[in-house]
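Based on the provided sequences and hints, a complete structural model is requested.
Numbering of the first sequence is given in our numbering, commencing with residue 1 and proceeding in unit increments.
Keep in mind the hints are simulated off the structure, nothing from the lab.
In this text, all values refer to a predicted model and were calculated from it rather than measured experimentally.
Errors might be hidden in some of the hints.
Straight-line alpha carbon distances no greater than 27 angstroms define the calculated DSSO-like cross-link-like pairs of lysine-lysine that follow [what the hints assert, rightly or not]:
#	residue 1	residue 2
1	Lys194	Lys161
2	Lys161	Lys19
3	Lys2	Lys159
4	Lys161	Lys2
5	Lys19	Lys159
6	Lys19	Lys59
7	Lys191	Lys19
8	Lys2	Lys191
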Amino acid sequence: MKVIPQNFYTRNDTIAIAKELLGKVIVTELDGVRCSGIIVETEAYAGPEDRACHAFGFKHTTRTAPMFLDGGVAYVYLIYGIYHLFNIVTNVAGQPHAVLIRAIEPLEGLEQMLLRRKLSSISPRLCAGPGLLSQALGITTAHTRLSLQGATIWLEEGKTKIPNNDIVAGTRVGVAYAGNDALLPYRFSIKGNKWVSKAKGL
DNA sequence: CAAACGATTTTCT
DNA sequence: GAAAATCGTTTGG
Numbered sequence: 001m002k003v004i005p006q007n008f009y010t011r012n013d014t015i016a017i018a019k020e021l022l023g024k025v026i027v028t029e030l031d032g033v034r035c036s037g038i039i040v041e042t043e044a045y046a047g048p049e050d051r052a053c054h055a056f057g058f059k060h061t062t063r064t065a066p067m068f069l070d071g072g073v074a075y076v077y078l079i080y081g082i083y084h085l086f087n088i089v090t091n092v093a094g095q096p097h098a099v100l101i102r103a104i105e106p107l108e109g110l111e112q113m114l115l116r117r118k119l120s121s122i123s124p125r126l127c128a129g130p131g132l133l134s135q136a137l138g139i140t141t142a143h144t145r146l147s148l149q150g151a152t153i154w155l156e157e158g159k160t161k162i163p164n165n166d167i168v169a170g171t172r173v174g175v176a177y178a179g180n181d182a183l184l185p186y187r188f189s190i191k192g193n194k195w196v197s198k199a200k201g202l
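In structure tokens form, the structure reads like this:
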């Protein structure tokens, strides 16, 4: 399967990238076990003009530093002291854009995922949510700043291309504090896919 | 140096 | 439907 090249991420169009990521495959190889899944839900965090973005107004801190790197690296961070959220940094260095992966449809390494999630059987809750899929794939803050061209976490072309009218746009989750920017349709998912997170319906 | 809080999920009422 | 869990980062003294 073909690995997504660096220049896919460095384009100056985070919204387009967020949409195109749907249907692509995310792969992790940890503890010698390969796990993968199809991306079915994403959210765009479009840089300094986006109030919901951590790096709003070019706010450069220790935590947001990876977003200022060149596109194509991972930005993982801990939320509520419990969950790890996995983001993909986009655009070029100096432009703090990122796409949050919210849900995947599991493909390979199912047993390892179940083990990590402490579940005994497959259910739609396995990877439906940003904190959950990170846990299932074994992604932690130790992987932040990691290049997606490496041998630990990377993305591949999917088998199926998602037609434009199968992409649903909606408002983002958990960003009410962002005022008007919370209303932007920056959340994308595959229409009718049962693995899409149901935390808050579209 | 100390205190408050968050791009979430689970569990209990 | 509401509240707790839990800790690194951010902000204020």
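Structure-based check of all given hints:
no.	hint	result
1	Lys194 with Lys161	holds, 17 angstroms
2	Lys161 with Lys19	holds, 11 angstroms
3	Lys2 with Lys159	holds, 10 angstroms
4	Lys161 with Lys2	holds, 14 angstroms
5	Lys19 with Lys159	holds, 16 angstroms
6	Lys19 with Lys59	holds, 26 angstroms
7	Lys191 with Lys19	holds, 12 angstroms
8	Lys2 with Lys191	holds, 25 angstroms
Checked against the numbered hints given earlier, the structure satisfies every one of them.
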